[in-house]
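Number of protein chains: 2
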Amino acid sequence: MSWTFKRVAVVGSGAIGLYYGGRLALGGEDVSFLARSDVDALTTAGLRVDSAHGNFHLPKVKAFPTAAEIGPVDLVLVSWKATSNAHLSEVLPPLLHAGTQVLTLQNGLGNCEVIAEIVGADRVLGGLCFVCINRLASGHVAHTAGGRVAIGEWRQADGRAEEIMRRFKTAGIPAEAVPNLEQAQWEKLVWNVPFNGLSVALGGVTTDVLLAAAETEARIRDLMREVISAARVLGLPLADGLIDFNIDRTRPMGAYRTSSMIDFTEGREVEVGPIWEEPLRRAKAAGLPMPHLTRLVEEIRARMARRDKAACGNR
Amino acid sequence: MSWTFKRVAVVGSGAIGLYYGGRLALGGEDVSFLARSDVDALTTAGLRVDSAHGNFHLPKVKAFPTAAEIGPVDLVLVSWKATSNAHLSEVLPPLLHAGTQVLTLQNGLGNCEVIAEIVGADRVLGGLCFVCINRLASGHVAHTAGGRVAIGEWRQADGRAEEIMRRFKTAGIPAEAVPNLEQAQWEKLVWNVPFNGLSVALGGVTTDVLLAAAETEARIRDLMREVISAARVLGLPLADGLIDFNIDRTRPMGAYRTSSMIDFTEGREVEVGPIWEEPLRRAKAAGLPMPHLTRLVEEIRARMARRDKAACGNR
Numbered sequence: 059m060s061w062t063f064k065r066v067a068v069v070g071s072g073a074i075g076l077y078y079g080g081r082l083a084l085g086g087e088d089v090s091f092l093a094r095s096d097v098d099a100l101t102t103a104g105l106r107v108d109s110a111h112g113n114f115h116l117p118k119v120k121a122f123p124t125a126a127e128i129g130p131v132d133l134v135l136v137s138w139k140a141t142s143n144a145h146l147s148e149v150l151p152p153l154l155h156a157g158t159q160v161l162t163l164q165n166g167l168g169n170c171e172v173i174a175e176i177v178g179a180d181r182v183l184g185g186l187c188f189v190c191i192n193r194l195a196s197g198h199v200a201h202t203a204g205g206r207v208a209i210g211e212w213r214q215a216d217g218r219a220e221e222i223m224r225r226f227k228t229a230g231i232p233a234e235a236v237p238n239l240e241q242a243q244w245e246k247l248v249w250n251v252p253f254n255g256l257s258v259a260l261g262g263v264t265t266d267v268l269l270a271a272a273e274t275e276a277r278i279r280d281l282m283r284e285v286i287s288a289a290r291v292l293g294l295p296l297a298d299g300l301i302d303f304n305i306d307r308t309r310p311m312g313a314y315r316t317s318s319m320i321d322f323t324e325g326r327e328v329e330v331g332p333i334w335e336e337p338l339r340r341a342k343a344a345g346l347p348m349p350h351l352t353r354l355v356e357e358i359r360a361r362m363a364r365r366d367k368a369a370c371g372n373r
Numbered sequence: 059m060s061w062t063f064k065r066v067a068v069v070g071s072g073a074i075g076l077y078y079g080g081r082l083a084l085g086g087e088d089v090s091f092l093a094r095s096d097v098d099a100l101t102t103a104g105l106r107v108d109s110a111h112g113n114f115h116l117p118k119v120k121a122f123p124t125a126a127e128i129g130p131v132d133l134v135l136v137s138w139k140a141t142s143n144a145h146l147s148e149v150l151p152p153l154l155h156a157g158t159q160v161l162t163l164q165n166g167l168g169n170c171e172v173i174a175e176i177v178g179a180d181r182v183l184g185g186l187c188f189v190c191i192n193r194l195a196s197g198h199v200a201h202t203a204g205g206r207v208a209i210g211e212w213r214q215a216d217g218r219a220e221e222i223m224r225r226f227k228t229a230g231i232p233a234e235a236v237p238n239l240e241q242a243q244w245e246k247l248v249w250n251v252p253f254n255g256l257s258v259a260l261g262g263v264t265t266d267v268l269l270a271a272a273e274t275e276a277r278i279r280d281l282m283r284e285v286i287s288a289a290r291v292l293g294l295p296l297a298d299g300l301i302d303f304n305i306d307r308t309r310p311m312g313a314y315r316t317s318s319m320i321d322f323t324e325g326r327e328v329e330v331g332p333i334w335e336e337p338l339r340r341a342k343a344a345g346l347p348m349p350h351l352t353r354l355v356e357e358i359r360a361r362m363a364r365r366d367k368a369a370c371g372n373r
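Sequences listed follow chains A and B, in order.
Read left to right, the first sequence gives residues 59 to 373 (the numbering used here).
Read left to right, the second sequence gives residues 59 to 373 (the numbering used here).
Honestly, I wouldn't trust all of these hints.
Listed below are the simulated PhoX-like cross-link pairs for lysine-lysine, each with C-alpha atoms no more than 20 Å apart in a straight line [stated by the list, open to error]: (1) Lys64(B) with Lys227(A); (2) Lys64(A) with Lys64(B); (3) Lys120(A) with Lys64(A).
Partial list, derived from the structure: chain A residues whose beta carbon lies under 8 Å from chain B [as the list claims (entries may be wrong)]: (4) Tyr78; (5) Ala140; (6) Gly157; (7) Gln159; (8) Gly184; (9) Cys190; (10) Gly210; (11) Asp216; (12) Met223; (13) Gln243; (14) Pro332; (15) Arg340.
Away from chain B, derived, C-beta distances all over 10 Å, residues of chain A [what the hints assert, rightly or not]: (16) Ser60; (17) Ser147; (18) Glu148; (19) Pro151; (20) Ile176; (21) Ala195; (22) Arg309; (23) Ala368.
Note that these hints are calculated values from the structure, not bench results.
Each residue gets a CB set at the ideal place from its N, CA and C atoms; glycine is no exception.
Using the sequences plus the hints, can you model the full thing?
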């Protein structure tokens with residue numbers, strides 16, 4: 059059951075609200091504007107946008123002076139200045155039904171929190187607008203540059219990770235709380251994919267052996283680059299510096315046996331799914347081929363099959 | 059109402075489970091281990107950890123062969139190999155009460171998803187372990203290096219941002235869905251804090267004027283550096299490259315009037331809270347002083363007070 063929307067309400071008919079609401083209306087969406095002084099101008103003369111991406115005029119615009127006259131919608135865009143946010147507690151409730159989502163296009167921090175107090179945290183989104191717009195007059199907007207919107211679902215850490223972190227620290231375990239678990243998972247894969255992977259693919263070798271040969275160090279770097287690229291395609295901004303960082307911290311570890319190497323040499327199952335197959339699957343689904351990881355997965359599978367066949371023969 | 063925990067269960071008594079569960083027990087936490095072949099050894103001889111951070115021995119360890127014998131706990135650590143995850147659907151339910159949280163310490167991707175299927179998405183966390191540990195024998199673990207755990211609450215995007223993005227794009231609006239809204243908000247502040255801020259603080263000036271003087275460009279860079287540092291303290295890895303990127307993209311904008319400058323010159327309220335005060339408050343709460351932003355906020359407040367006083371006098 060995936061959410062979608064038909065009716066849209068725009069709260070605040072300043073430059074941002076008129077521009078984005080106007081674009082959506084131009085594209086055929088059902089948009090109602092909550093306006094103050096502009097209601098008459100919008101209703102009678104419509105909305106005029108002088109835009110760097112092409113001027114347009116909407117002769118008919120649905121504009122209302124109160125939220126009650128708009129009634130429940132599926133998506134609310136909050137686009138007035140944050141300085142008006144004290145009025146959201148009156149304006150939002152008439153616009154809500156059980157599935158209504160609220161997207162704030164406002165600047166800065168703290169707006170999602172205000173909206174979440176009114177509508178509940180699980181239906182708040184934020185949009186960052188990278189755009190140059192000015193409202194010239196009632197129902198008349200000038201758009202001079204940009205226009206991109208970056209939209210994200212708002213979810214606030216609720217302190218569970220921090221509480222576990224504190225108690226781990228109390229027990230002497232170095233711990234930190236991270237705001238984006240998925241990004242932390244991919245950052246860790248930058249190490250696990252090449253080192254755990256090659257330690258198995260090459261038949262059970264320690265990390266110092268992998269780093270001693272120029273050829274395997276080059277494969278490590280290629281795999282790391284692929285993992286970083288995959289994370290980026292998924293919207294997780296991993297830094298290039300992770301490559302040198304991870305190689306530099308591995309050298310002093312000496313003849314380290316990765317956990318997968320230990321599993322391999324002790325005849326246990328290796329975590330092929332989570333460490334190699336799942337990242338590969340997600341990258342491919344996002345349109346990124348990963349030739350180095352593809353080759354590595356094939357080598358690991360072949361090596362596991364050979365080991366298990368040998369183990370059978372030895373019984 | 060903030061969540062906390064008393065009873066802890068460790069699912070999987072391999073190296074990771076014994077080490078972290080052992081550290082927690084050593085620190086006084088109430089820890090029960092779900093074990094297989096190790097139950098007798100753990101119960102009779104306890105747990106021995108040879109650790110780079112100091113050896114320790116727990117003579118008494120609570121170890122059980124079934125989850126039912128452990129019963130409901132407040133926190134479950136899942137520490138066995140992902141290759142055993144098919145058994146989680148039997149093992150987790152006896153460990154749950156309404157408030158139980160489940161933290162997976164496993165490698166790779168896809169483990170949170172498996173656990174969420176069983177216990178619900180809103181009580182899953184992931185922990186990334188940066189540690190070198192081997193299990194030498196039953197109840198005996200060697201810890202050679204590291205130990206840090208990065209803990210995050212698991213929350214999966216549910217497609218609302220993607221749906222809005224698609225419909226915005228259909229309407230001709232360049233849009234993207236971002237996985238971490240908070241990070242995107244801070245990235246935008248790298249521009250808004252200095253450019254909107256100085257455009258008001260200096261009495262209503264356009265961006266080209268701010269970039270024309272070496273002194274104001276230096277202030278812009280100082281403010282950007284502070285915003286990036288604040289985001290990093292909050293766990294959001296903003297790149298240094300954002301400084302040049304934002305300055306380079308602003309030069310071609312010419313005599314651009316920031317939205318705050320327009321508000322200022324037209325006598326309207328300026329969004330002092332979300333753009334400057336709230337980032338400053340969050341950075342300070344995290345222990346980071348921001349002298350450049352502190353000065354800027356004072357200048358903006360003084361400039362607003364002077365304007366409003368003048369406006370009163372003109373009435």
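Now the hints, each set against the structure:
no.	hint	result
1	Lys64(B) with Lys227(A)	15 Å, holds
2	Lys64(A) with Lys64(B)	47 Å, violated
3	Lys120(A) with Lys64(A)	15 Å, holds
4	Tyr78	7 Å, holds
5	Ala140	5 Å, holds
6	Gly157	10 Å, violated
7	Gln159	6 Å, holds
8	Gly184	5 Å, holds
9	Cys190	6 Å, holds
10	Gly210	3 Å, holds
11	Asp216	7 Å, holds
12	Met223	5 Å, holds
13	Gln243	6 Å, holds
14	Pro332	3 Å, holds
15	Arg340	7 Å, holds
16	Ser60	5 Å, violated
17	Ser147	16 Å, holds
18	Glu148	18 Å, holds
19	Pro151	20 Å, holds
20	Ile176	16 Å, holds
21	Ala195	13 Å, holds
22	Arg309	13 Å, holds
23	Ala368	20 Å, holds
Violated hints, listed in ascending order, are 2, 6, 16; each of the other numbered hints is respected by the structure.
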